[in-house]
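A.B. asks: As they're listed, the protein sequences go chains A and B.
Using full-length UniProt numbering, you'd call the opening residue of the first sequence number 1 and step up by one each time.
Using full-length UniProt numbering, you'd call the opening residue of the second sequence number 1 and step up by one each time.
In short, the hints are calculated from the structure, not lab data.
What you are looking at is a predicted structure, and each value in this text was computed from that prediction instead of being measured.
There's no promise every hint is true.
As the list claims (entries may be wrong) - Among chain A residues calculated to face chain B with C-beta under 10 angstroms, some are: (1) L53; (2) D84; (3) N152; (4) I153; (5) E156; (6) A160; (7) L183; (8) L191; (9) E199; (10) A209; (11) S210; (12) E225; (13) N234; (14) D247; (15) K281; (16) Q286.
Every residue gets a Cβ at the ideal spot worked out from N, C-alpha and C, and that includes glycine.
2 protein chains.
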Amino acid sequence: MILSVIGLGLIGGSIALDLKKRGFVSKVIGVDNNTLNAHAAKKLGLVDELMNLDSAVKASDLVVLAIPVDACLTLLPQVMDLVDQQIVTDLGSTKEQLIDSLINHPKRKQFVPAHPMAGTEFSGPQAAHSGLFDGKCSIICNPEDSDKKAVNIVTEMFHALKMRCVYMDAEVHDRQTAYVSHLSHISAFALSLTVLHKEKKDKHIFELASGGFDSTVRLAKSSAEMWTPIFKQNKKHVGKVLQKYIDTLQQFKDLIEEDDLDGMNDLIYEANDIRRVLDQKERNEQETIENSDKIRNRA
Amino acid sequence: MILSVIGLGLIGGSIALDLKKRGFVSKVIGVDNNTLNAHAAKKLGLVDELMNLDSAVKASDLVVLAIPVDACLTLLPQVMDLVDQQIVTDLGSTKEQLIDSLINHPKRKQFVPAHPMAGTEFSGPQAAHSGLFDGKCSIICNPEDSDKKAVNIVTEMFHALKMRCVYMDAEVHDRQTAYVSHLSHISAFALSLTVLHKEKKDKHIFELASGGFDSTVRLAKSSAEMWTPIFKQNKKHVGKVLQKYIDTLQQFKDLIEEDDLDGMNDLIYEANDIRRVLDQKERNEQETIENSDKIRNRA
């Protein structure tokens, strides 16, 4: 199978690397309108060959779009216009608008909307690396609107990346990612801004920051190019979720100001239940990797 | 030198372990009114001997309090009443109220208020481990109010833990930790609560959470026993900082709802400046460890 990857950053580069390395595809064609990135990806061995969009789509069996969600909204219909038998998937963090953009397209069934839940705060082909997706979960949206064969191939692609697949409605996906992904990014951006503003007066404030601060603020390194379009496309859900987060913070603030120790304890005990969730996640990741290895060894 | 550690949890246990291992003290006496924790600490080899408070203070040269800040407010004056020539330090996250509690105490000069900026989201003697403090920063407050000799010994103790020391006013300490430590914890608790509430309706929501979510929410595992008293004692600063954080989140929400892409980009670019801070922190930690190793090799 020949794969074209459009967008050779962290996500596109890492997918190209592991699908070739693990034998899921025999050749990877790279497409990136940023020529610096494109040549870096070639030099780093992430792709075998660079092509323009038309030639790449025509030469491949599977096309993966790994570009910011605003660019995807423009480019996906163009890619679908070029498609003959090819299967196309994207990896974007928002799904409803993208699916709507293709609603009456004659090749809609060859498109499988997807979202692998993996990434880091870094970007560009230099940040791409093997194992980025191992053990994580990938979402495939509205599978009933795609050819069964197309869904199967994209599912197998994620299995080759050692991921497990979950199928869900695009609206549910967009709402849930607002909670578990988009909110985390905004909380980190806002935390960074709050302390950076203070640094203007208290120059040495970061002397006191320890590992806990680093952990909560890490995502504030993430790029505006990727995240602004996500917040825009998902504003309906992100707005609501942000309001709930602000309300919870306000509740904490009120309890602190009222010296309500029992109230604070109750909230913290409740929040501690995240231990159950994080422990379960760790077990799921371990299990996903083990299952993938078993399947590979059998093959 | 003989050390008594009062409170044998993560912090007290880890300090006991490394000060003995690195030869800064010849013996560690442990004190904990939770007998389960005390016996666990002895069994884990964190302390050489268990004693009651009176005997421990009398038998030692250096006394370290590693207990929650509310307990410290009660216990520190009692410890100071027992003191003859001993030097006493605490490791709590708030400093103004504690220092005020001792303002007219005849032994005040033998007390050195300190706060090592290190920890994890876990607690108890089982969580104690070697290297917890390596490379981090420790704060010593109002050093002019302590004997020079006492400050020197506590400084040397932190150097033996491979830490660098920063001296500052207690009021500045409490304000700055509200920004770089207490806020991070509340942001994580609130994030955890927001998503856990949603889980009640969307059972599989955590399927979609990836490493970014884990990172921002990790501190929500932290214990109420430790954190409620910190928020109470530091409410003046924590309240103000929380308000600034809420305002910044509200600003994000407004920009998203107004489709103000340029405004969002500007905020994210500004937040990205945290890269500079985190890179600098990493260099500082590396340098602190190298300097500590040089000093130890010379000795």
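A.B. asks: Hint by hint, say whether it matches the structure.
C.D. replies: Here is what the structure says about each hint:
With a cut of 10 angstroms, the hint placing A:L53 at the interface with chain B is violated, because the nearest CB-to-CB distance is about 25 angstroms. For the restraint placing A:D84 at the interface with chain B, the shortest Cβ-Cβ distance is roughly 33 angstroms, beyond the 10 angstroms limit, so the hint is violated. The beta carbon of A:N152 is not positioned within 10 angstroms of any beta carbon in chain B (closest approach about 21 angstroms), and the interface hint is therefore violated. Nearest Cβ of chain B to the Cβ of A:I153: about 22 angstroms, over the 10 angstroms cut. The hint is violated.
A hinted interface residue such as A:E156 counts as satisfied when its beta carbon comes closer than 10 angstroms to some beta carbon of chain B; here the least separation is about 20 angstroms, so the hint is violated. Below 10 angstroms, beta-carbon pairs count as interface contacts, and A:A160 has none with chain B, the closest being about 19 angstroms; its hint is therefore violated. The interface hint given for A:L183 holds, since its Cβ lies 7 angstroms from the closest Cβ of chain B, which is under the 10 angstroms cut-off. Proximity of A:L191 to chain B holds as hinted, the smallest CB-CB distance being about 6 angstroms (cut-off 10 angstroms).
Because the closest C-beta pair between A:E199 and chain B is about 8 angstroms apart, less than 10 angstroms, the hint holds. Taken as an interface hint, A:A209 checks out: its beta carbon lies about 4 angstroms from the nearest beta carbon of chain B, inside 10 angstroms. With its C-beta approaching chain B no nearer than about 4 angstroms, A:S210 sits inside the 10 angstroms limit, and its interface hint holds. Hint on A:E225 holds. Least Cβ distance to chain B is approximately 8 angstroms, under the 10 angstroms limit.
With a cut of 10 angstroms, the hint placing A:N234 at the interface with chain B holds, because the nearest CB-to-CB distance is about 9 angstroms. At about 9 angstroms, the closest approach between the beta carbon of A:D247 and any beta carbon in chain B falls short of 10 angstroms, and the interface hint on this residue holds. Nearest Cβ of chain B to the Cβ of A:K281: about 7 angstroms, under the 10 angstroms cut. The hint holds. Interface restraint check: A:Q286 against chain B, minimum CB-CB distance 14 angstroms, threshold 10 angstroms, status violated.
In this structure, the hints that do not hold are numbers 1, 2, 3, 4, 5, 6, 16, in rising order.
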